[in-house]
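Q: Mind assembling these two chains? They're in different frames, but the hints should get you there.
Chains B and U, in that order, give the protein sequences. The first sequence: position 33 = 34 (our numbering), numbered continuously. The second sequence: position 74 = 448 (our numbering), numbered continuously.
Rather than coming from a laboratory, the hints here were simulated on the basis of the structure. Fair warning: there could be bad hints in the mix.
If you want a taste of the chain U side facing chain B, the calculated C-beta under 10 Å gives, among others [to be verified]: (1) Y406; (2) Q412; (3) I422; (4) H423.
C-beta atoms are modelled at their ideal positions from N, C-alpha and C, and glycine is treated no differently.
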Amino acid sequence: SQTIHQWPATLVQPVGSPLSLECTVEGTSNPNLYWYRQAAGRGLQLLFYSVGIGQISSEVPQNLSASRPQDRQFILSSKKLLLSDSGFYLCAWSVSSNQPQHFGDGTRLSIL
Amino acid sequence: DAKTTQPTSMDCAEGRAANLPCNHSTISGNEYVYWYRQIHSQGPQYIIHGLKNNETNEMASLIITEDRKSSTLILPHATLRDTAVYYCIVRAGGDYGQNFVFGPGTRLSVLP
Numbered sequence: 002s003q004t005i006h007q008w009p010a011t012l013v014q015p016v017g018s019p020l021s022l023e024c025t026v027e028g029t030s031n032p033n034l035y036w037y038r039q040a041a042g043r044g045l046q047l048l049f050y051s052v053g054i055g056q057i058s059s060e061v062p063q064n065l066s067a068s069r070p071q072d073r074q075f076i077l078s079s080k081k082l083l084l085s086d087s088g089f090y091l092c093a094w095s096v097s098s099n100q101p102q103h104f105g106d107g108t109r110l111s112i113l
Numbered sequence: 375d376a377k378t379t380q381p382t383s384m385d386c387a388e389g390r391a392a393n394l395p396c397n398h399s400t401i402s403g404n405e406y407v408y409w410y411r412q413i414h415s416q417g418p419q420y421i422i423h424g425l426k427n428n429e430t431n432e433m434a435s436l437i438i439t440e441d442r443k444s445s446t447l448i449l450p451h452a453t454l455r456d457t458a459v460y461y462c463i464v465r466a467g468g469d470y471g472q473n474f475v476f477g478p479g480t481r482l483s484v485l486p
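Just chain U, same shape as in the assembly (with noise of 0.2 Å):
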C-alpha cells in the first residue's frame, strides 16, 4: 500500500505556480520523498528527491516540512506539458528489492 495521500487532481493556469501536496506522515527517517510524473502512455520521469532539507533542481522545488510529515513540489511556472499525473512516493535508499509503490497520484491540468 502507498505510505502517501495526494489530491486526486488539481488544475492550474499556465505560467502560474503549481503547488503539489502530499502527505506521509508514517514516513521513516531513513526514507527519501521521490517525486515522478507520468504522461500517458510514458514511462514515469523522475522530478525530485530529498530526505529532509528543501531541495531545487531546474524542474521542481521541493519543500519538505520540518517534522517530514507532508511536503510540496512546487513546479514554478507550469506549461501545458507539465499537465500529468504526480505521484509522491516515500522509499528507502540502498532497498533494491523495495518495489516503487505508486498510489493514484494527483492528476495536473494546466490550462491556457
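Pulled out of the complex, with its shape left as it was, chain B reads as follows (with noise of 0.2 Å):
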C-alpha cells in the first residue's frame, strides 16, 4: 500500500531563516505530488503541485519554493522565512487529477 511521511511534524523558526519541508511518498510510482497551507480554521490552500520530477507548477506567488529531485520526493523551502508563513503545511499525492488526493500528517510551522 502507499504511504507518505512529512517531516518534521512541527517547526519553529526565527523570521529571516531559510526554511526545508520534505516530504517522500512509498509504494507507487510517479504520483501527482501538492504542497498545501491550512491556515487555522480555514480551507486549504494549494501551494504548488508536479506532475513529475523537475516539474514544478505554483499556484501563489510568495516567498515558497518547490522541488522535485526524485519521483517520489517534493520539497518546500524558503530562503527567507516571513512571520506570515506561518500555518499548517501538507503535502498530498494523487495517483492522478482525475483521483483523491492523499494528504500527509502535515507540518505545523510556527515563525518567531
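A: As C-alpha cells, then:
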C-alpha cells in the first residue's frame, strides 16, 4: 500500500531563517505531488503541484519554492521566512488529477 | 468560497450509523463529491468520492441524490475513533490548479 511521510511534524523558526520541509511517498511510481497550506479554521490553499521530476507549477506567488529532485520526493523551501509563513503545511499525492488526493500528517510551522 | 453547506455539528451513539448530510445545489456536471475527515493536528483523510452513482467502500457509503444537489455520507457503525471534522467538497476532476475548498465541515462526536 502507499504511504506518505512528512517531516518534521512541528517546527519553530525565527523570521528571516531558511526553510526546508520534506515529503516522500512510498508504494507508487510517478505520483502527482502537492503542497498545501491550511490556516487555522480555514480551508486548504494549494501552493505547488508537480506531475513529474523537475516539473513544478506554482499557484500562489509568494516567499516559498518547491522542488522535486526524485520521483517520490517533494521539498518545500524558503530562503527567508516571514511571519506570514506560519501555518499548517500539508503534502499530498494522487495517482492522477482525476483521483483523490491523499494527505500526509502535516508540518505545523511557527515563525517567531 | 465553499460550494457546500453542512451542519456545524452532530452527535452519534457508538455502534449506530452516522448520517452526515451535505448540500451542493450549484454542483456542475463535471464535479465530483468528495468526503474527507480531519482529526485535530492530522492531515485530512480521504473517505470516499462519487460523481452521480452511490458508492461504498470499507469506510463508508455515499448516497447522492438523483439531481446531485445533495449527498449523505454514512458511517455504518460509528466508533469513538470516528470523532472528527467531516468535510464535503465538490471539485472537478482533471484540474490540478483547483484548490480543495474546505468549508467549516461537520464536527461529528461519537458518544459512548
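Q: Determine for every hint whether it applies to the structure shown.
A: Hints, verified against the model:
1. Y406: holds, 8 Å
2. Q412: Holds - the Cβ of U/Q412 comes within 10 Å of chain B, reaching about 9 Å at its closest.
3. I422: holds, 9 Å
4. H423: holds, 6 Å
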